[in-house]
Amino acid sequence: MSTKRMSFGQATVDATRFAMRQDERIIVLGEDISWGGNFGQFRGLLEEFGPKRVIDMPISEAAIMSVSLGAAVTGLRPVASMSFVEFTFGAMDEIVNQVAKFRYMFGGQTSVPIVLRASDGTMRCSASHHSSSLEVRFAHMPGLKVVAPSNAADAKGLLRSAIADDDPVVYLENKQMTAKRAPVPEDDYNVPLGSATIARPGRDVTIITYSIPALRALEACAQLEAKGIDAGVIDLRSLVPLDMTTVLETVAQTRLAVVVHEAWRFGGLGAEIASQITEALFKELVAPVARVGAASAPIPFSPPLEAAVVPGVSDIVAAVERVIG
Amino acid sequence: MSTKRMSFGQATVDATRFAMRQDERIIVLGEDISWGGNFGQFRGLLEEFGPKRVIDMPISEAAIMSVSLGAAVTGLRPVASMSFVEFTFGAMDEIVNQVAKFRYMFGGQTSVPIVLRASDGTMRCSASHHSSSLEVRFAHMPGLKVVAPSNAADAKGLLRSAIADDDPVVYLENKQMTAKRAPVPEDDYNVPLGSATIARPGRDVTIITYSIPALRALEACAQLEAKGIDAGVIDLRSLVPLDMTTVLETVAQTRLAVVVHEAWRFGGLGAEIASQITEALFKELVAPVARVGAASAPIPFSPPLEAAVVPGVSDIVAAVERVIG
Amino acid sequence: MATTLDGIPNEVALAIHRRMVRIRAFEEYVSELFLQGKLQGFVHTYIGQEAIAAGVCSLLDDSDYITSTHRGHGHAIAKGIHLNQIMAELFGNVTGACRGRGGSMHVADFSLGMLGANGIVGGGFGIAAGAALSAKYRGTNQVSVCFFGDGAINKGTFHEALNFAAVHDLPAVFICENNQYAQFTAGGRTTAVNDLAVRAASYNIPGVTADGNHAGEVYRAAHEALNRARAGRGPTLLNLLTYRFGGHYVGDAEVYRDKQEVEKRRALDPIPRWEQALNDARILSADEATTIWAATRQAVADAEQFAQDSPFPQADTALDWVFTEAADR
Amino acid sequence: MATTLDGIPNEVALAIHRRMVRIRAFEEYVSELFLQGKLQGFVHTYIGQEAIAAGVCSLLDDSDYITSTHRGHGHAIAKGIHLNQIMAELFGNVTGACRGRGGSMHVADFSLGMLGANGIVGGGFGIAAGAALSAKYRGTNQVSVCFFGDGAINKGTFHEALNFAAVHDLPAVFICENNQYAQFTAGGRTTAVNDLAVRAASYNIPGVTADGNHAGEVYRAAHEALNRARAGRGPTLLNLLTYRFGGHYVGDAEVYRDKQEVEKRRALDPIPRWEQALNDARILSADEATTIWAATRQAVADAEQFAQDSPFPQADTALDWVFTEAADR
Ligand SMILES: Cc1ncc(C[n+]2csc(CCOP(=O)(O)OP(=O)(O)O)c2C)c(N)n1
Ligand SMILES: Cc1ncc(C[n+]2csc(CCOP(=O)(O)OP(=O)(O)O)c2C)c(N)n1
Ligand SMILES: [Mg+2]
Ligand SMILES: [Mg+2]
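Chains as they are written, first to last, in numbering that gives the first Met the number 0: chain A, 0 to 324; chain B, 0 to 324; chain C, 0 to 328; chain D, 0 to 328.
Check each hint, because a few of them may be wrong.
[Claimed, not checked] Facing chain A, according to a computed beta carbon distance under 7 Å, are these residues of chain C, among others: (1) Tyr-28; (2) Glu-31; (3) Gly-79; (4) Thr-94; (5) Gly-101; (6) Phe-109.
Honestly, the hints are just simulated from the structure, not real lab data.
All of these numbers come straight from a predicted model, not from anything done at the bench.
Using N, Cα and C, we set each Cβ at its ideal position, and we do this for glycine too.
Please build the complete structure, drawing on both the sequences and the hints.
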């Protein structure tokens, strides 16, 4: 397949366009999306598909999700933009109590084909209402699938799969990553939900991560290589379903693992992954699985504070060195 | 201190009454509370303190929390009833984005003395809108304290501390526990936030838990005793702050641990506790820390399904036997 | 069609009656079952409000949508779900409308456009708006009706959904079943306006108050609103005044209202009123009514039998239906 | 006191002018700093809306409360926070109003009753209602003012808070700064009513629309609403018509509106209009105005200097202020 350099945001437009051309039932709704969205992640959709399929919503987050739900169970396939992930809190009742539970609590009568798109992670110097990583809040709710790609190619393929999926999928696109460019296959394609990828093989230790920290992990590996440490990176891409097979096969080899995310370490998804690894490979592990995540504070505005709270490359390097001992 | 048998719900009324008599700034607000609340946990407060201090709120969960916040930062000390914990989703923006962050994002200018009371856990045969355990959603937000007592005496002492605390405290009172009676000291007293208690010492293995599963764990211990296994129970009582000192000291002795909660196992707080134990005691542990939690489904209505999803005594017994090997 | 009751076809008038009787008979029976300890959980009955569900749903096709509330049995019956399936759901049986996963507060039948009772107050507003958006998008003639309580009108979701529905002139009707109470709290104590219909002005849509205990008035108010919706002229807010005869749930001690008030309101029972009207119009004789009641009571008893004969779901199916693919378990 | 401008004391009229100038000078300077890359994050300026914050806050004491929005610099300045502290906060310095934790969208000063700019649209409604409840409970004469945008009026929180405030006749005033846009979307496209003041009827409170670009009109409308609030007669909804001259944030390409529209609205700039009115009333000469502008511009430049001279917070203080006790870190 021929590739083209494009930004993460453009790649998601690409995926949406392929999907919408193929299936009339797909509509997109969210605040200000006909102007392209805050990160250009909807650019050009209005022009191609018109205001019937690309709907600018009032600042009514609860309505965005509940309207999507009503539409989804009556024959449409809504892609709902929640803009910044922090704004999902205003629709958390709809997301958790309704969207996630609808299929189950009604005994499988309906499926709920909704994609919830939200820009997550730290937005440099934007403080705590515009910087957070909430994946565990979605992952800890049976009935929701959750994906968090780390590059434009996966962004396209995973969004295509998410839109094709009959279950609600929370699609997390990191704020600092939207503008990042990479080669992306031009044709239509899928990355299946629930498949991790080995972003870099490594003999000595396995770093397990997703979203923007995957890029930081690769940087960390380069630094570690200089120190003679061969660290590998598993990019989970999907959090629910979670591809523990790839994780366990890899860690069984390296016998050392570090889990990294931007979310708060305390109660974050890293604890789940670390626990599953430990449960499966207790005998094989040489050291306890290390966890890298944000320190326990809302994300502050001021640069040195933000850097102190949000984990960076150096934190990953330090964690790897710690487990290697 | 002389004690009196009373229900968990009455014990919380007792604590609130002591607090309100002492401090005029304390008000209580929530839906239908002047009639005593759904579990009698506010019974008699209207009669003693009047409608100025005991305020029946409209069905406006977001307003309950934001009004509490506005009152808290201007000199009052609100105790906000959210009734069933599932209804907190309608106020999650207020709880997480505002109440939890207010002190920090404004640089410590204000404290936020709010107690958020919510009835959590499975309510037998009430299905997924009235049965859930959401503690990790509060615990995974720096700025919120979280407590979850398992008996009437702790209920009283912890609520007293929560009301006296200058930070927002989420006070989780299990639905099935509210009517449970136990001896409670009659006088005014505190159980400090952040202190676990050893509910039962045990030589062979340590069960770490909180809220109603603590009662199930004690039942499990009785069954295990019959099988010659001496299992102990740590009742955490507070989840934030979390008394890991008590946990680590105890597990260092038994070298085997099982963490139990009613919340979904996947992404639950048990993963955090298990990870912290493993990180601290990797060398000492004889087997990986086991986790008991709900299976990954919304809580169903039908009794056999509910029993299959929500962990019971037999699940705890099985987990203990598994780690003992 | 003959229309003796100013404007209501006789057949429809009778259908409304039958639906009201079916709801009443079912709810009285269910209350009994609950008090006998045969049913678990919460049961909120619809007794006293039957004219609303019956009157409104007499104007709907199977393909039209409704959203319901925690007090949803009446809507489920009026929209045509078989009593067996509802009863079995209340028992948590695998033969129930939701295979036992939902219980009383989550009865649904998507094949009949019944998008679910809902345990979250105010949960239906946006779902109904979304179904209406979908109908409009697909260019069908379907309408979407949202039933909700006078307590629910203070949820933010009311505001968000009505504004959205109004902006897009969606084929939706928002029907407040104003039974004067939200749980134990009388409406006036927590709602800033008396006439809830005035809230329609915030969305530039019609707001109409009518007697919700009179099937004819309900029919006429709903008729106009539904016509408006189907004609593409947008949503309407109906404020239908009614009263629940029972407690908030079965077993409620009702300390918050006095017996006299209840007695006074019982005098306005919508079913005898409608029977009288039908009788006066010579559409239904007293004998015919007696027959209907008897047959309906039998159908409810049969539904219990059906439920008693039905099995619980198998424990090992507890994780079915979380996701569409079994692979995701 | 002399009151040349029908009803507004001269001193107050001048104070409003000074506040407007201070806001404008600050915001223009800050836009420049942002475009030069000296400021990070988002900056939403208040340019064009100055009459509202200045007019309303001229009627408030330090002990009165306000809640603000993402577009909060104007409110912060009008409520009296020193420019140095605001500027330092925008730079993320430890000398900032929030010690650098908050930045542009979270400027606050609780000692001045400024309960915070807020990054969540609609976040202030309930907080303002809560502060009003507190004032009423404590029996003070304080009022609570909630500033919000025309986009925010569609949040469910608007509905919940206004209903609650109305039920309890709280001393609150809800002030919509109706600048015609929510981000890139013109109000008419997502809001079902044109005149936002009609939404007051849903809460049985007064709703008033006035020219938000005329300091005198703002003053008079706010004066009445605040008197009403202080007299215990409950909340008011004010719909003040205005226009933001700049983009949604500094750097916004403004593809969603045409330059002509902006030019037309700039002609209604509230500051020259008020200067003219003051001049006509012989309260402020052209020379005096020039002096005020120059002094204010200097104060803003000084604020930048103050910020430039201030240190960042220490990284090891990042976990301070999460809880009240350091022990909880
Ligand atoms: C979001 C939410 N808040 C609170 C409740 C608890 N609750 C259940 S029914 C009810 C009262 C509802 O009143 P109304 O809307 O008038 O309906 P009615 O019961 O009168 O039919 C309340 C407060 C709930 N289920 N959901
Ligand atoms: C809950 C929430 N949803 C969306 C946003 C993104 N957002 C920031 S400002 C804004 C527009 C607000 O419009 P308005 O209330 O009219 O205020 P204005 O910017 O015009 O002053 C939006 C949608 C947000 N910050 N919070
Ligand atoms: Mg009611
Ligand atoms: Mg605006």
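Status of each hint after checking the structure:
1. The restraint placing Tyr-28 of chain C at the interface with chain A is violated, with a minimum CB-CB distance near 23 Å, outside the 7 Å limit.
2. The interface hint given for Glu-31 of chain C is broken, as the beta carbon of that residue sits about 26 Å from the closest beta carbon of chain A, more than 7 Å.
3. This hint is violated: Gly-79 of chain C has a C-beta 15 Å from the nearest C-beta of chain A, more than the 7 Å allowed.
4. Hint on Thr-94 of chain C is violated. Least Cβ distance to chain A is approximately 11 Å, over the 7 Å limit.
5. Look at Gly-101 of chain C: its Cβ gets to within about 5 Å of chain A, closer than 7 Å, so that hint holds up.
6. Hint status for Phe-109 of chain C relative to chain A: holds, with the closest Cβ pair at about 5 Å, below 7 Å.
When each numbered hint is compared with the structure, violations occur for hints 1, 2, 3 and 4.
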